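Peer 1: Generate the whole structure from the sequences, applying the supplied hints.
Chains as they are written, first to last, in the numbering used here: chain A, 714 to 858; chain B, 28 to 695.
Check each hint, because a few of them may be wrong.
Stated by the list, open to error - Subject to a maximum C-alpha distance of 27 Å in a straight line, what follows is the list of computed DSSO-like cross-link-like pairs (lysine-lysine): (1) B:Lys420 x B:Lys548; (2) B:Lys548 x A:Lys809; (3) B:Lys608 x A:Lys809; (4) A:Lys756 x B:Lys410; (5) B:Lys520 x B:Lys296; (6) B:Lys548 x A:Lys780.
Said to hold, decoys possible - Residues of chain A clear of chain B, computed beta-carbon distances all greater than 12 Å: (7) Leu753; (8) Lys756; (9) Ala757; (10) Ala760; (11) Asn761; (12) Val801; (13) Ala804; (14) Glu815; (15) Ala826.
If you are wondering where the hints come from, they were derived from the structure by calculation, not from laboratory data. Keep in mind the model is a prediction, meaning the values are calculated, not measured. C-beta atoms are modelled at their ideal positions from N, C-alpha and C, and glycine is treated no differently.
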Amino acid sequence: MNRNLRFVAGSALIVAAFGYLMYTAIRETSSYYLTIQEFLPRKAEYANAALRIAGRVAPGSIDYDAKTLRLRFHLTAFAEAGAAADTVAVAFTGIKPDMFAEGRDVIVEGRYADGVVQARQVLTSCPSKYEAKAAAAAPPGGGAG
Amino acid sequence: MHGSDLGTLALQLGWCLALYATGASLYGVLAARAEFVHSGRRAALALFGCVAVAVAVMLHALVTRDFRLEYVASYTSRTLPMSYTVAALWGGMAGSLLFWLALLNLSATVVHVQNRDRHRALMPYVTATLSTISLFFLSLLVFVVPAFERLDFAPSEGSDLNPLLQNYWMMIHPPALYAGYVTVSVPFAFCVAALASGQLGDDWIRSTRRWTLLSWFFLTLGNVFGGAWAYEVLGWGGYWAWDPVENAAFMPWLVMTAFLHSVMIQEKKDMLKVWNVSLIILAFALTIFGTFLTRSGVISSVHSFTQSGLGPFFLWFLAAVLVGAIALVGWRLPILRSQNQLESFFSREAAFLFNNLILLGICFTVFWGTVFPVISEWVRGVKITVGPPFFNKVNAPLGLCLLFLTGVGPIIAWRRATPKNLRRNFALPLACGVAGGLVLFALGMRQLAALVSFSLCLFVAATVAIEFYRGTRARQALVGEPAATALAHLVSKNHRRYGGYVIHLGVVLVFMGITGSSLFKEEVQATVAPGQSFSIGAYTLRFDRLSEDDDPHVAITRAEVTVLRGDRVVGLLWPEKRFYKRPGQPTTEVAIRKTLREDLYLVLGALDPPSGLVTFQTFLNPLVTWLWFGGAVMALGTAVVMTPTAAERRARAASPAGERSPSVAEEG
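Peer 2: Structure representation (structure tokens):
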């Protein structure tokens, strides 16, 4: 029994170390995952927090410089109805993803500061047939970066 | 009658047969009516026939491009090459379920033929379990996502397979992974049978040992192929992004790895029975969970099929499997208890136990990270995601502990290792590891994680090398054979043990590849005009020109890039941008120059036609090739372990009933 107790103690130690590792890792690496509708009304609350925001690229908002790779655009709600709907500006430096275009659903990863989402990454979702059907009903799935 | 009606009919008939096979087998065994057991078995065989017909009908429709079928119209086109047209069988929702069902029934049929005269007490339950799984997938195909749904008009052209899937890995990665997933069902079914019949010796483990290995073999290949595919196609310079669907493939692999090790403790010491039963139940549940993840759309992912409404069905099935299995385990708990217990931390039993704890820890980390958004939304009302840094942070230290145990497990003594035993077995390997670490440090390597990882790799490699060396020397001394012959005989007499060592060598190579490519990666982004150069590491890359290619299926823009080291030309690379016309989708084709030392990974990032400028994204990924090579070595080792030795073949021939073939092996 004594021996068993030792193993239980040893295993408990491992589990505790493991739990601590998980806890700190989650605290340091997690980010809020929001749709643009959830984000816009409460953007002040999310200032400087790590974010993933799903939204649609606002028509006519893309400004891309192929030499400096600076990409700026506005993210807007999925619904077509409110054409003049609220948007948020996004700034990104890097290669424009293949599928990136006006009206496409994207996920932007980064931080929100001074009225602009500084994106680390812009993910596009696939426009293939089966995805498109779903996108009409719900926020998009992710896509290859 | 349209051909597809035959497919629908086959699935409906299959559904009835699966139901009957389950019912008849259970009634037969419970009421001791042998004729029902036989009848159930025959129904299960006929079920395979039905599924085969349905697959044949689907393949025929795909190959003849019968666009009246919605599935064919959705996933193929007239210009799609024939190989991908066949692969479209597993490219879509209904087809992939059908393919899964076909592999499951192929496995079940092999099981039924193998065990025609064996395991009489277990087989009715095995048949019932496998048929129940079939019944679930058939129900989806018959009632929820009809595979042979017809359009009320015949489109002249289909909407084509997703271009990201139009890659040769599409031909081998999904089948390998599905084969791995599906073959977990066989040991699971035998485990359920053992629990239900009360025959809880290690018979069910021995009789499904090769199925377990086969499953592990395919899961290993499936994961490695998946990584290779992502690396070559997605163009972000890496091979593993901790995407939910990658995780879905990785979790069963982890649990099966734990299972493969812990069953050795049961065979040897008659311990861990409850643990082993739980592991295989967990592995099976994770395969269903993985199928759920890819098809429910609950968690967004690169690979997800769609939000199809299938999710709840999978969850209910998963819940039923878990509740049923746990109830069975609870019922049999009194006879599952073991008298033996661990004696020392310094023993093989303990090493294997810790190996299991770590593998499950990694699995739990992966699971938790994958479902975290969903759970946080339940608990806190806001979705919180964890990215790759979370997985890497937790799994890297766990992985290194596991690597250490990979070296310890196979050579530490059973029960209790004496100080003398520890010195004899570990002094030299430890010295190798430490010396290697010091040399790397002297050469200028300063990253602690890399130093630890490479030292451990050397340590494990040394333990394996010493085992081979000692075994060979012992045979030379005993039988007087020359070294090469002795080595060959050594392996051929004990496939489990030496095949296992080969797998561990593969693991070492994989760890080296992961360490090199994740800690020493370089990345350069450059925008250049034709004739201009840029450099990364020791390489200079000169962008020479753009060229175009156009056919009805795809339009290609290709950049020609000359790779130089100093003034010497070492190669040419042609990264591409493609435009697939049918779905109107652009893709990026990576160009990679592979060497043992490092991969030069070149992406044609962006074109700016007005200025003629091209932006390249370039990665220098050290040691990536070692990762693929390590995967191949692991597969090779598994093949050795699976192959019966001459003695095992003789033993089996001598006892055709095969109730218990003597275990020739010491350990695997």
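Peer 1: If a hint holds in the structure, say so; if it does not, say that too.
Peer 2: Against the structure, the hints come out as follows:
| no. | hint | result |
| --- | --- | --- |
| 1 | B:Lys420 x B:Lys548 | holds, 17 Å |
| 2 | B:Lys548 x A:Lys809 | holds, 22 Å |
| 3 | B:Lys608 x A:Lys809 | holds, 20 Å |
| 4 | A:Lys756 x B:Lys410 | holds, 15 Å |
| 5 | B:Lys520 x B:Lys296 | holds, 23 Å |
| 6 | B:Lys548 x A:Lys780 | holds, 25 Å |
| 7 | Leu753 | holds, 15 Å |
| 8 | Lys756 | holds, 14 Å |
| 9 | Ala757 | holds, 15 Å |
| 10 | Ala760 | holds, 15 Å |
| 11 | Asn761 | holds, 16 Å |
| 12 | Val801 | holds, 18 Å |
| 13 | Ala804 | holds, 17 Å |
| 14 | Glu815 | holds, 14 Å |
| 15 | Ala826 | holds, 19 Å |
Taken one by one, the earlier hints all hold for this structure without exception.
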